[in-house]
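Starting from the structure of chain A, add chain B where the hints point.
Each chain, letter by letter, is given below.
There are 2 protein chains.
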Amino acid sequence: MKLLEDRIRKDGVVKPGNIVKIDKFLNHQIDVKFLDELGAEFYRLFKDSGVTKLMTIEASGIAIACLAALHFDVPVIFAKKNKTKNIADEVYKTRVFSYTHGVFYDVIVSKEFLRKGDKVLLIDDVLANGKALLGLVDLCDQAGAEVVGAGIVMEKTFQPGRQIMEEKGIRVESLARISHIDDGKITFVGE
Amino acid sequence: MKLLEDRIRKDGVVKPGNIVKIDKFLNHQIDVKFLDELGAEFYRLFKDSGVTKLMTIEASGIAIACLAALHFDVPVIFAKKNKTKNIADEVYKTRVFSYTHGVFYDVIVSKEFLRKGDKVLLIDDVLANGKALLGLVDLCDQAGAEVVGAGIVMEKTFQPGRQIMEEKGIRVESLARISHIDDGKITFVGE
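These protein sequences, in sequence, are chains A and B. Residues 0 to 190, numbered by numbering that gives the first Met the number 0, are exactly what the first sequence covers, in order. Residues 0 to 190, numbered by numbering that gives the first Met the number 0, are exactly what the second sequence covers, in order.
What the hints contain is simulated information worked out from the structure, not anything from laboratory work. A hint or two may mislead.
As the list claims (entries may be wrong) - Dumping the calculated DSBU-like pairs for lysine-lysine here, alpha-carbon to alpha-carbon at most 30 angstroms:
#1 B:9 <-> A:115
#2 B:32 <-> A:92
#3 B:130 <-> A:80
#4 A:110 <-> A:167
#5 B:167 <-> B:110
#6 B:130 <-> B:80
Just chain A, same shape as in the assembly (with noise of 0.2 angstroms):
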């Protein structure tokens, strides 16, 4: 997608470690009439595979699937990372590893909320290792819910998450793909 290309290389910074920032609009400050955009062309890519909701995983990716989740009209339901005395005891759980932090943490959905029958949409900004995507997978499958695909904002595809995907059969849609990163400077699959 051109529009969120160009938008990367303008505002986001890259960081030691192959990191691309994209505070500026999506990871800390928020541009909600941008990311309505990304979310339309979710809805395109998806629109024909009956998706009944958005699935994400706190904090980053709240953003973007509810803006997308207009154009799907269905609810989003966000994995929250820590057991809270607000969540019920039924919970489905899984084990996630954030290069982020450097650390392990539980990742939880109600039961209530991810149900047999349910066709999720995976939505997430960034796709690297993929350790937060297949956390929502399985979850889902402990759930009995089909997983329909993953659609990402940016992803980086010298890193192996989307192969792991792929290999689970499950479809990545990523509306921008960096293929190297050279001196800071980013360029994208086809370019």
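Leaving out everything else, chain B in the frame of chain A:
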């Protein structure tokens, strides 16, 4: 807002300690079309305040802030609860006590996104003790940004949050105001 009071009465779950879970449409599963209506109401209330940014705190404020921001046509910024290596050093920081989790945590916002001259509308899902909002006010004070008000989805009027905000001269608008909870039954102000 009658629509919201009805929804809280229908879908809210009262837990020990006067906790009202609104996980079914806001805090875990998100009804985006409904939140869009709440966002329109925030816009009606604050449209003459010259708002340049909506500000909330991760994670449960992000959804309602994004849906409201579509009406204001301004960016959202969400304060983050932990310093990660993806965040620049240039941040404002404050400390907030969470009654939900029973711990203090640091809350940060990048200096890049909150500046002198900003007119900030704070948005949050619940106002009870007001600790999270106070933290956001402190971040705005550090930045020299002006807080034009606080838009709250659900207020518990029997806890001190509103009073604390109003003593700081901050206008608080809550779309549903719970006056008391008895035996699991919710009563709103004016009933």
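Going through the hints against the structure:
Simply put, residue 9 of chain B and residue 115 of chain A have alpha-carbon atoms about 24 angstroms apart, close enough for the 30 angstroms limit, and the pair holds. Restraint check for residue 32 of chain B and residue 92 of chain A: satisfied, since their Cα atoms lie roughly 28 angstroms apart, inside the 30 angstroms limit. A C-alpha spacing of about 21 angstroms is found between residue 130 of chain B and residue 80 of chain A, which places the hinted pair at or below 30 angstroms, so the restraint holds. Between residue 110 of chain A and residue 167 of chain A the CA atoms are separated by roughly 23 angstroms; this keeps the pair inside 30 angstroms, and the hint holds.
Between residue 167 of chain B and residue 110 of chain B the CA atoms are separated by roughly 23 angstroms; this keeps the pair inside 30 angstroms, and the hint holds. Taken as a hint, the residue 130 of chain B and residue 80 of chain B pair is honoured in the structure, with Cα atoms around 13 angstroms apart against an allowance of 30 angstroms.
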